[in-house]
Amino acid sequence: MNSLDRLIKEKLQREIQAKTRRHFIKDCVAGMGGLALGSFAMSCNSFLGNNEKAKIALTERDVNPLASMAPPFPAKVKSVIYLHMAGAPSQLEMFDYKPTLHKLHNQACPQSLLEGKKFAFIRGTPKLLGPQAEFKQHGESGNWVSNFLPHFSKVVDEVAFLKAVNTDQFNHGPAQLFMHTGSPRLGRPSIGSWVTYGLGSENQNLPGFVVLTSGGKTPDAGKSVWGSGFLPSVYQGVQCRSKGDPVLYIDDPKGISRNLKKSTIDAINNINKKEFNEYSDPEILARINQYEMAFRMQTAVPEVMNINNEPEHIKEMYGVQPGKESFANNCLLARKLVEDGVRFVQLFDWGWDSHGTGHDTAVDLGLRNKCTEIDRPMSALLLDLKQRGLLDETLVVWGGEFGRTPMQENREGQEMAYKGRDHHGDAFTMWMAGGGIKKGASWGVTDEIGFSALEGQVSVHDVHATMMHLLGFDHEQFTFDFQGRPFRLTDVEGHVIQEILA
Amino acid sequence: MEVIQQLIGRLHPLVVHLPIGFIITGLLLQWFDRKNNEWSKIIGLIFQWAFISATIACISGYLLYTGEGYSFDTVKFHLWLGITTAVFSLLMYLRLLVPSQVHFLNRLPVVLLSFSLLFLISFTGHLGGNITHGSDYLIEPLPNSIKTLLGVGPKVYEMPTIEEENWEEAILYTDLVQPILNNKCVSCHNSKKEKGELQLEEENGILKGGENGAVIESNDPEKSSLYARLILPHDHEDHMPPKDKTQLSKEEIDIIKNWIANDNSFDKKIGELGLKKELFRAFFPKAKDETYPDVDIAEVPKDTISAIKKKGFHVEQVSESSNFIRVSCINKPTFSDKDFDLLSSVKNQIVYLDLGETQITDGIFEKLSTLPNLTILKMDNTKISGNNIELLEKLEYLRNLNLMGTNFEEAQLDHLKRFKKLQIVYLFNTPIKKPNQADKPKEGEVFFDYGDYELPKIATDSIVY
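If you're matching them up, the sequences are chains A and B in order. For what it's worth, our numbering labels the leading residue of the first sequence as 53, then goes sequentially. For what it's worth, our numbering labels the leading residue of the second sequence as 712, then goes sequentially.
Treat the hints loosely; a few may be bogus.
[What the hints assert, rightly or not] If you want the footprint, here are the derived chain B segments under chain A, 3+ residues with CB under 8 angstroms:
1. 840-847
2. 947-956
3. 978-987
4. 1000-1006
5. 1162-1175
[Stated by the list, open to error] Chain B residues, not near chain A, derived (Cβ > 10 angstroms throughout):
6. T777
7. L801
8. V821
9. I850
10. E879
11. G920
12. R992
13. K1020
14. V1029
15. S1032
16. K1089
17. I1135
18. Y1137
19. F1139
[What the hints assert, rightly or not] Calculated lysine to any residue pairs in the SDA-like style (CA-CA distance at most 20 angstroms, straight line):
20. B:K1021 <-> A:P363
21. B:K1144 <-> A:P363
22. B:K1153 <-> A:E192
23. B:K988 <-> A:V548
24. A:K490 <-> B:S1173
25. A:K491 <-> B:P1152
26. B:K1022 <-> A:N257
27. A:K206 <-> B:K1151
28. B:K1021 <-> A:G492
29. B:K1151 <-> A:E192
30. A:K388 <-> B:D949
31. B:K1022 <-> A:N116
32. A:K490 <-> B:F1158
33. B:K1043 <-> A:V548
34. A:K490 <-> B:L829
35. B:K979 <-> B:K1043
36. B:K980 <-> B:T885
37. B:K1021 <-> A:A122
38. A:K367 <-> B:S1173
39. B:K934 <-> B:K956
40. A:K188 <-> A:G492
Derived from the structure by calculation, the hints contain no laboratory data. Beta carbons: idealized from backbone N, C-alpha and C, even for Gly.
Please construct the entire structure, taking both the sequences and the accompanying hints into account.
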């Protein structure tokens, strides 16, 4: 602190010391009068007798912010499982088969393609990189899936592909924010928050919006990708862990028994009830509810997050590794959560950023291992939901924040030892499955090397509009007033993608 | 000169209140004076002024009619009644003040003249209001229920539609552009009203344009005021339709834009113009949602719903616009057969019932058979074995039945095959064995999903590259 700061501080302190009761009364004449008037007005409220204060018409939402509400339009699904591959998986090694790219392998990329494009790492003129996987058509739909995903290729008839999703972001953080909040900048609510705000939660013992992460890191954009933005914070995602305590600090502290905890909460709630009888503030009721819900969650959450009690054949189908943090565990948990009435389950799996800077990020090596990691669990998730009759009323969405280039990455203009691809948002693949989705559909076609869309280009807003549509919302009418204008998830854009709807 | 005419015309709404005031005053005085008959001189004078001001009002009204493009059909009753009012004021004046000179008037009863004038000012005034404010102005704020009683119902614009199968065959102008104009523009721009001297009822009017010239600049929508005014901010004074009128939807505006951008042809088919299908999606008739029964059903009172919620059920309308409800016991695992009676008040509305993981037994089927509209029924992970399941056959809408994780018996499956609308039955984790070769169900046949899906181990599962 320099001397000027000290001087100013001292001056302020002197001023405060010089203030007397006289000043207070003098300065606050108007304010105190107002306060007094307010309390008069309250005390002679002619509409409510003193005993009837508690009968103010409260909506269910006033008391319980997670109370469920009917959607404006008939919904096709009541819950969502969103599988996000953080880092952006390569569509060219998984779903988007480009034989021409194979033929052009190692040829210099034509300059016309590069003009006006921004890349994160590619400099100068890169070479085209042929697909590093073998492709085949699968199922009755005849959709293409690579040999990196042998299990998924057996359930391919359940899903609908979007082959030409477009994003204008080419760095992970903004692109992930865009994918989950509809804006590449901070401050907007995530899809899960919009959905829990709009529909509430069916199960009153569990959070409405649960987030599970795997791959060792959380997404680059941070926890804002499941944040509630300007919506009340009760609608933000609750991160649960498949390893250790499912929710941090969920256990009672040592030496505090369950009964003692219950009587503590009862005592607090009694005081709060008295407070409510006096002031009739619905916030107090909401708080009472939150205490009770937290108490119930203490038993309900560990129960639903425990995968050990699942039968052996189910665990094998998913390929779970109990006690570890894995995508497989999270897929099984996602099913359990949806089965128990959780509205929105968000999975993030980290490690898909295949730049080719090393073994783990090579599209022919590390990427293949990542594919093996998700192949069995996500296929098992679809089959398990199906056999339980849940796939009819659940929407499963798979995707990354963008796609990858048909060109091999040449970081700093140098040729690299491993084969990798740079970030590319012009056209990449996502898929959806579940209620209201046209099974085996494929919408969107990319050019011969998979660089841009030829037909059926859809935007991130379109994907959001489609998800909202299936949940029973018109994305153009589902708004929240903030800073003087109504905001919506899709801002001023978005069209429902009819081509993949049943 | 024209300016002065227009100005005087525009003073009409002000001037008309003078004769109204005089006449009302005169009538009131007549009422108070009905017994004594002492004030007839004053009253006569008032009606003299009523006549003079009514005449001025008639003149200004006529100038307004000629200057602002109202058609004669719209104003004729108001015009004639206005003149009649002036004449009746004159008659009243003559009757009261100069009886000796006009003999036949002496035989006219004053009361008749008074009531005629009362009727005339009320009705003329009302017609005048209709012209300036629109004929639905007065009844617009009434609740819709009363409007329906009056037989005027809320105005509902139906979007024009074209068939999805042969959308390229539709003629852009005839099938979409003109119907949109009819719905949203023609009520002011027609041959009667002709606001801004513009008629949008048919081809000639549209091409002729309005007081500012043509409204269409072929192939340049931005320069065509027919389109450009639609996309101005709503509170801009040139925005059309005026901001308190029904606006065009985004899709409708796009149609107008594309029509102008493609030669504003009056006879070409959509296919000939080479427009994209996306543009017309909003105009395809919406496929009927067949998720739930297509029957009208009464709304469940809000307090009934909260009473059921208080009992621990999860209850929710299917959507804000549907009276059907979904009921789930997700927060009420103690639900048993006898608790079913708690739901009797909403029997007709339940279309979705989730009794999964509850204490129900086979005794529940008899009760369930009283839910006429039940479409989706979940009884997974319960103790039911399927005895008496045939009772559910009379549920004519039952489509989706979840029996997963129950002790459902194979012998009962035959009953299910007879259910009319049943499409899928989930049998995973039941004692029933999965048949070795499951045939694909034929159209209209129930599909039994035995579950037990497997993802057999393969060599690549354990390879790490």
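Going through the hints against the structure:
{"no.": "1", "hint": "840-847", "verdict": "violated (count 0)"}
{"no.": "2", "hint": "947-956", "verdict": "violated (count 0)"}
{"no.": "3", "hint": "978-987", "verdict": "violated (count 0)"}
{"no.": "4", "hint": "1000-1006", "verdict": "holds (count 3)"}
{"no.": "5", "hint": "1162-1175", "verdict": "holds (count 10)"}
{"no.": "6", "hint": "T777", "verdict": "holds (45 angstroms)"}
{"no.": "7", "hint": "L801", "verdict": "holds (57 angstroms)"}
{"no.": "8", "hint": "V821", "verdict": "holds (52 angstroms)"}
{"no.": "9", "hint": "I850", "verdict": "holds (28 angstroms)"}
{"no.": "10", "hint": "E879", "verdict": "holds (17 angstroms)"}
{"no.": "11", "hint": "G920", "verdict": "holds (32 angstroms)"}
{"no.": "12", "hint": "R992", "verdict": "violated (6 angstroms)"}
{"no.": "13", "hint": "K1020", "verdict": "violated (8 angstroms)"}
{"no.": "14", "hint": "V1029", "verdict": "violated (6 angstroms)"}
{"no.": "15", "hint": "S1032", "verdict": "violated (7 angstroms)"}
{"no.": "16", "hint": "K1089", "verdict": "violated (7 angstroms)"}
{"no.": "17", "hint": "I1135", "verdict": "violated (8 angstroms)"}
{"no.": "18", "hint": "Y1137", "verdict": "violated (4 angstroms)"}
{"no.": "19", "hint": "F1139", "verdict": "violated (4 angstroms)"}
{"no.": "20", "hint": "B:K1021 <-> A:P363", "verdict": "violated (35 angstroms)"}
{"no.": "21", "hint": "B:K1144 <-> A:P363", "verdict": "holds (18 angstroms)"}
{"no.": "22", "hint": "B:K1153 <-> A:E192", "verdict": "holds (17 angstroms)"}
{"no.": "23", "hint": "B:K988 <-> A:V548", "verdict": "holds (14 angstroms)"}
{"no.": "24", "hint": "A:K490 <-> B:S1173", "verdict": "violated (33 angstroms)"}
{"no.": "25", "hint": "A:K491 <-> B:P1152", "verdict": "holds (17 angstroms)"}
{"no.": "26", "hint": "B:K1022 <-> A:N257", "verdict": "holds (16 angstroms)"}
{"no.": "27", "hint": "A:K206 <-> B:K1151", "verdict": "holds (17 angstroms)"}
{"no.": "28", "hint": "B:K1021 <-> A:G492", "verdict": "violated (43 angstroms)"}
{"no.": "29", "hint": "B:K1151 <-> A:E192", "verdict": "holds (13 angstroms)"}
{"no.": "30", "hint": "A:K388 <-> B:D949", "verdict": "violated (58 angstroms)"}
{"no.": "31", "hint": "B:K1022 <-> A:N116", "verdict": "holds (16 angstroms)"}
{"no.": "32", "hint": "A:K490 <-> B:F1158", "verdict": "holds (18 angstroms)"}
{"no.": "33", "hint": "B:K1043 <-> A:V548", "verdict": "violated (37 angstroms)"}
{"no.": "34", "hint": "A:K490 <-> B:L829", "verdict": "violated (69 angstroms)"}
{"no.": "35", "hint": "B:K979 <-> B:K1043", "verdict": "violated (62 angstroms)"}
{"no.": "36", "hint": "B:K980 <-> B:T885", "verdict": "holds (9 angstroms)"}
{"no.": "37", "hint": "B:K1021 <-> A:A122", "verdict": "holds (17 angstroms)"}
{"no.": "38", "hint": "A:K367 <-> B:S1173", "verdict": "holds (16 angstroms)"}
{"no.": "39", "hint": "B:K934 <-> B:K956", "verdict": "violated (23 angstroms)"}
{"no.": "40", "hint": "A:K188 <-> A:G492", "verdict": "holds (15 angstroms)"}
The earlier numbered hints that this structure contradicts are 1, 2, 3, 12, 13, 14, 15, 16, 17, 18, 19, 20, 24, 28, 30, 33, 34, 35, 39.
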